[in-house]
Structures are given as C-alpha cells and as structure tokens.
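Protein sequences, first through last, are from chains A and B.
As numbered in my numbering, residues 1 to 293 make up the first sequence, in order.
As numbered in my numbering, residues 1 to 269 make up the second sequence, in order.
Don't read these hints as lab results, they were simulated from the structure.
Even for Gly, the Cβ is constructed at its ideal location relative to N, Cα and C.
Treat the hints loosely; a few may be bogus.
[Stated by the list, open to error] Label-pair distances were calculated between CB atoms; the ranges are:
| id | chain 1 | residue 1 | chain 2 | residue 2 | range |
| --- | --- | --- | --- | --- | --- |
| 1 | A | 105 | B | 263 | 48 to 54 Å |
| 2 | B | 48 | A | 63 | 50 to 56 Å |
| 3 | A | 74 | B | 99 | 23 to 29 Å |
| 4 | A | 207 | B | 164 | 21 to 27 Å |
| 5 | B | 130 | A | 69 | 26 to 32 Å |
| 6 | B | 179 | A | 106 | 50 to 56 Å |
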Amino acid sequence: MSASALSAADRRRPWLLLAPSLITLFLLMILPIGIMTIFSFYEFVTAGVEKETFTTANWHEFLTDPFYHMFLWKTIRVSAITAILCAVMGYPAAYCIAMTTYKHKWVLLLLLIVPFWISFTIRTFSWIHILGEQGAINVSLLKLGLISEPLPMLYTEGAVIMGMIHFLLPYMILNVYVAIEGIDRNLISAARTLGCTAWQAFYEVVLPLSLPGLMAGLLLCFVLAAGSYVTPQILGSTRDALFGNIIFDTIMGELNWPMGSTLSLVLLIFLGAVAAVYSRYMGLSRVFKGLGG
Amino acid sequence: MSLDTSTRGFGWRAVQVFTVLVYIFMFAPILVVIVLSFNASQFGGFPMTGFSLHWYAKLLENESVLRAFQTSLWVAVVTSVVCTVLGILAAVALVRYEFPGKEWVNTILIAPALVPETVLGVGLLLLIRFAHQPRTLWLLVLGHIMLALPYVVLVVQARLIGVKRVYEDAAMSLGANRFQTFREITLPLIMPAIVASVLLVFTISFDNITASMFWRPSGVETMPTEILSMLKISISPEINALGTLMIVVTVGLPLLGGGLARYLARSAR
Numbered sequence: 001m002s003a004s005a006l007s008a009a010d011r012r013r014p015w016l017l018l019a020p021s022l023i024t025l026f027l028l029m030i031l032p033i034g035i036m037t038i039f040s041f042y043e044f045v046t047a048g049v050e051k052e053t054f055t056t057a058n059w060h061e062f063l064t065d066p067f068y069h070m071f072l073w074k075t076i077r078v079s080a081i082t083a084i085l086c087a088v089m090g091y092p093a094a095y096c097i098a099m100t101t102y103k104h105k106w107v108l109l110l111l112l113i114v115p116f117w118i119s120f121t122i123r124t125f126s127w128i129h130i131l132g133e134q135g136a137i138n139v140s141l142l143k144l145g146l147i148s149e150p151l152p153m154l155y156t157e158g159a160v161i162m163g164m165i166h167f168l169l170p171y172m173i174l175n176v177y178v179a180i181e182g183i184d185r186n187l188i189s190a191a192r193t194l195g196c197t198a199w200q201a202f203y204e205v206v207l208p209l210s211l212p213g214l215m216a217g218l219l220l221c222f223v224l225a226a227g228s229y230v231t232p233q234i235l236g237s238t239r240d241a242l243f244g245n246i247i248f249d250t251i252m253g254e255l256n257w258p259m260g261s262t263l264s265l266v267l268l269i270f271l272g273a274v275a276a277v278y279s280r281y282m283g284l285s286r287v288f289k290g291l292g293g
Numbered sequence: 001m002s003l004d005t006s007t008r009g010f011g012w013r014a015v016q017v018f019t020v021l022v023y024i025f026m027f028a029p030i031l032v033v034i035v036l037s038f039n040a041s042q043f044g045g046f047p048m049t050g051f052s053l054h055w056y057a058k059l060l061e062n063e064s065v066l067r068a069f070q071t072s073l074w075v076a077v078v079t080s081v082v083c084t085v086l087g088i089l090a091a092v093a094l095v096r097y098e099f100p101g102k103e104w105v106n107t108i109l110i111a112p113a114l115v116p117e118t119v120l121g122v123g124l125l126l127l128i129r130f131a132h133q134p135r136t137l138w139l140l141v142l143g144h145i146m147l148a149l150p151y152v153v154l155v156v157q158a159r160l161i162g163v164k165r166v167y168e169d170a171a172m173s174l175g176a177n178r179f180q181t182f183r184e185i186t187l188p189l190i191m192p193a194i195v196a197s198v199l200l201v202f203t204i205s206f207d208n209i210t211a212s213m214f215w216r217p218s219g220v221e222t223m224p225t226e227i228l229s230m231l232k233i234s235i236s237p238e239i240n241a242l243g244t245l246m247i248v249v250t251v252g253l254p255l256l257g258g259g260l261a262r263y264l265a266r267s268a269r
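Using the sequences and the hints, build the whole thing.
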C-alpha cells in the first residue's frame, strides 16, 4: 500500500468519528434554525394553520409592536440585574474558597457542585416556602409580631430574580474560582513585600487577573437568565413574564408558529450578538472551560 | 477556619462571614423542602404541626407521579447511553487527530450549551411539524441527546488530553489494531470520564424542563413537568416529599458514581 493511500484513510478517520455527532447536531439544531427562518416569513392564518407564502408581516409586527419591545427590554433588565447580583454575591465567595487555608477545602468545592445535581424545578419551587404567605419569612415575622399581614413577596419580579440568582450563582462562583485559583501566589506576596496593603494587593493584582473569569461568569449568567421562562412561571405573576414566556405562549398557547419562530430568532440573534461582542474582547474558550467544570 | 492573622484582618473575616451566608442562601431553601416533607399538616407550607411520613405513603399511590417517573427514567437511560457513545467518538477525533476546520467543529459541538434552550425547543418542534411527524417519546430522547452532547465532549476531552499517546503507540507497535488499542488501552484509561459523563447526561435529561415542555408528547409528563403541573394546582405537601426523594436520588447517585470513578481511576493506574 502506498503512503498516500494510508494518509487518505487517516484523513478520513476523524470525520468518521465525528460523523454521528455532527449529523445529529445538523439535523436537530442547524436544520431546525433554518426551518425557523423560513417559518418566520410564513403567514399566520389561524391557530395551528399557516400559509406558505412569503411575507414580512411577522418581522414588521415585532419591529413595530411596543408589546414585544417592552418584554425584550424587561428581559434585558432582569437578566442584567440577575447577572450583576450573582457577581456581587459570587465574587467574595469564590475569593474566599480560593484563598482559604481551611483543611477541607474540597467540601466547599463539592458543595458548589451539589446544586447542579438537584433538580432545577425543585430548587426553584423551594423559594415558595421561603417567600410565600406560608413561607419561612412571613410565618416568622407574623409570630414575632413584627407584621400583622403577610408581606407580598412571592409572585413578584423580585422573587423571579431571587430564583434565577439561586440557580445561576454556582456558575458564577465556579468561573471566578477557577480564575483566582490560577493566579500565581508569588505575585501577591511580591506586591505585599513591595509595600502594598492587603486591600491594595487585592485591588491591583488579584482583581485584574481574575477579571476574565468574572466576565465569563457574567456572560453565562446573563445568557442563561435571558433564555429562561420556567422561573417566571413558578415564582412570578403573569406581569413578570420574560421574553421566553412570550415565545412559549405564542407557540404552545396561540399555536402561532410564524410569530413564535420570529420571536425565537430575535432571542437567538440578540443573545448571539451579546456572545459575539464578548468573544471579540475575551474569547469564548474560557466559557467552555467554565461549562466543563 | 484557621487563618494567618498577621496578614489577614477584619476584611478577610468579613469575606468569610459573607461566604457562609452565600452557602446558607444556596442550601437553606432546599433544606426547607426536606424538612417540610415530614410535616403532618395538610398544607405545604409552615408552620410544622408534627412529624409524619404520610406524604411519602401517599406519593407511592399517586399513579401519575409513578408514570412520570418511569417516563423520565426511560428517557434518561437511553439518552445517557447513546449520548455518551457519540461524545466519546467526537472527543477522540478532537484530541487525537489534526484536521482542517477543527475550530468550527469544536464550536458546533459546544453550541447546544450556548444556544438558549427555548430556541432549541422551538426548533425541534418546527422540524417535526415541517416533516409532518407525530411527537413521540423519541423526540424527547433526541432532544436530550443534543442538549447533553457538549458536556460529554468537554468531560471526555479533558480526560483524554491527560492520557499520554505513547501507551496507544506502544500497543499499536506491538501489533494491536486501532479497535483493540482503543478497547484495551484508551477505554480503561478514560473510564472515570465515561462514568462521570453517563451520570451527568442522566441528570441533565432527568432534570430538563425548559425544552421538555415543548417536546413532550401531549398527555405525557416527565418528572419535572409533573411537578410543575402539580404546583399549578396547589402547593401540596406531596410535592415536598417528591422533591426530597428526587434530591436523595440525584445527589446520592453522583456521590456514589464519584466514589466508583475514583476507585476505577486507582485500579487503572
């Protein structure tokens, strides 16, 4: 057998190994997004029925109807608040885990992974027991006589944000932790020897070097929050719906497939743009690392 | 916690206290579900009126919960087997071979983890509509395979990078063919990652709600969608019992698996 024939087989081999995965993803992800694009130009007739003609009516409706703009804006606001609060809560915790001299650090790390194993639905509805009328906070305050009526905390935007922080915080902490853990400790010692206070050493050395991890965490939290619709369903009232809820209702409720496709594409394009801006400055490889744990 | 007091003062103490509070924030709501599942009261919330296992007994008689459990179990088992096999093949190609377009392939394989699940959910449903096919449980399986594939690729890839190529080269030079080399050398060495992947895919599938709400055949409930529809009726104590059982299973399983993986890693060395 000649050398070139062998190398041709060698060249084919990775593609044979990749074929099942790539075909699966082509059929289930790429092709459907293509179909979605076609559907967004179809005409909606009535629930579950559409005409296969070319119309820009759906896009026109999205671009002109303030109803959609309001929900898109609200989704951006709620996701941004969620991501920022995750950073505020997650950064000090990640710093503490990375810097601690505690003997059983692995327990702290294990506890960060455990939430990923607990059902998202259960973690979300558990907040009903904290914020609800019969929840821990209201029942305690009533018993102490501090309030005479239960506070309306559940089924509000605050409850939705709380639920999303609860679900996203481990992603943030892990991303920041990996970044801080990777910093050469000698740099901190050097800064201290050269006269920095502990705070200055943190502000001048640790914070800038951990920034990529923090940014990756922010992106992940923002994107995952902006795509969610189950948390508002469980912890919010109808007023607290996010863009994902609008998509779900349009498709599963109204059976308006063309408009549902349009709105899905809007969400995809918007979050894709956010990720593209991010990757332009930071690169996406760190996000992959964060996902892999 | 021990700390070096000469360099760590009040600020560090504050960070420690804050971290403890963050951990309480993460786990208190979950502990409340577990505690309330033993509440004798017929309401799902506080106050506790007494200890009872009544809600667990009631759960075992709840046929729709049992059916949802069977559905989720079946979907998760099929998904984790198929997805892990696909992921291993892809990871081997990515780590062991150089080929043009590798960056692109990598991005496509990770994409399902980054594209919003709502979009993936709508997309697959459109495909089915476009092809005039009915929604069956297989749609749920296929969808879950897509959602979990990136994680298998990442986990197996990470392990495979750590396995030196010389072992495989040695086996090949001693006359083993590629398949034998993979089965006898590579597979045992990446076994911990495979166990981890199977468990990860299982929990991803068993737990998925966002996309499953789109994909499930009408009238079929998976475990998470069943909980959601129970929540819409009332916050019954049965949900707390169900939640507690699921926590015990999904936390216990990976801990067991982690132990097993560590054991395998030791015996493979």
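Structure-based check of each hint:
Taking 48 to 54 Å as the suggested C-beta distance range, the pair residue 105 (chain A) and residue 263 (chain B) does not conform, at roughly 22 Å. Range check, residue 48 (chain B) to residue 63 (chain A): Cβ separation about 54 Å, and the 50 to 56 Å hint holds. A hinted range of 23 to 29 Å is violated for the C-beta pair residue 74 (chain A) and residue 99 (chain B), which are about 45 Å apart. In this structure the hint that residue 207 (chain A) and residue 164 (chain B) lie 21 to 27 Å apart at CB is violated, the actual value being about 37 Å.
Roughly 29 Å separates the CB atoms of residue 130 (chain B) and residue 69 (chain A), a value that falls within the hinted 26 to 32 Å. The hinted range of 50 to 56 Å is not satisfied by residue 179 (chain B) and residue 106 (chain A), whose Cβ atoms lie roughly 38 Å apart.
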